[in-house]
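Undergrad: Sequence:
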Amino acid sequence: MGRSALSLAATAALFTTPASAATITRSFAFTATDFFYPVGGPASVDPATGRVTVTFDTAFDQFDFASGVTFSGNFAPGGPVGYTYLADDDLLVVGTLCGCGEPVGTLFSNRDAFGLGIVGASGVPMFAFFGLSEAATGTVALADQVSVAAVPEPATWLAMIAGFGLAGTALRRRPYRLRAVRYA
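When you read off a place in the sequence shown, starting at 1, and then add 795, the result is the number in this note's numbering.
Honestly, the hints are just simulated from the structure, not real lab data. Quantities reported herein were computed from a predicted structural model and do not represent experimental measurements. Beta carbons: idealized from backbone N, C-alpha and C, even for Gly. Incorrect hints may have been included.
[What the hints assert, rightly or not] The following label-pair restraints were derived from C-beta to C-beta distances:
no.: 1; residue 1: G958; residue 2: A931; range: 48 to 56 Å
no.: 2; residue 1: A962; residue 2: Q940; range: 17 to 25 Å
no.: 3; residue 1: L953; residue 2: V976; range: 38 to 46 Å
Just need the whole structure built from these sequences, with the hints factored in.
TA: This is the structure in structure tokens:
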């Protein structure tokens with residue numbers, strides 16, 4: 796029993812990060828539906844779906860960073876994708892960088908762009924906003940319904956699988972006791 800507890804503690808220590816680590820990588824899957832159109836309409840995609848992975852520092856604000864972010868989705872982002880993180884609000888905004896002095900995710904009816912805001916980005920994510928603009932139709936579309944889910948990192952999956960393996964090994968190594976069956 797002592798050996799199992801020791802190996803479990805060693806595994807937990809191996810797969811955990813120190814609490815002082817401020818730089819984190821988070822992946823989010825999102826779906827945006829039920830668009831309304833303050834300008835033009837309708838959008839060429841409904842629903843808009845995608846996944847973003849962002850590496851950011853939770854200790855301070857970062858504005859319009861182009862590095863440390865990846866995007867994939869069922870729509871064209873319209874240019875390089877970047878992010879802004881506001882530490883005090885735990886707000887992450889991922890979207891198209893316009894290079895025109897406007898913040899990341901700013902929507903214009905004359906260019907393709909998107910913006911996704913996530914409140915609680917370093918913990919439990921909640922929706923803030925999603926918008927999409929398309930130059931071909933002059934559309935600016937804002938989503939009425941957006942779902943955002945954090946996607947576990949590979950290290951989290953590895954730790955979970957290792958834990959199940961250790962639990963299974965501990966159960967398997969228990970001594971088997973044969974009990975006698977008595978018939979009346």
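Undergrad: Report the numbers of all earlier hints that the structure fails to satisfy, in ascending order.
TA: 2
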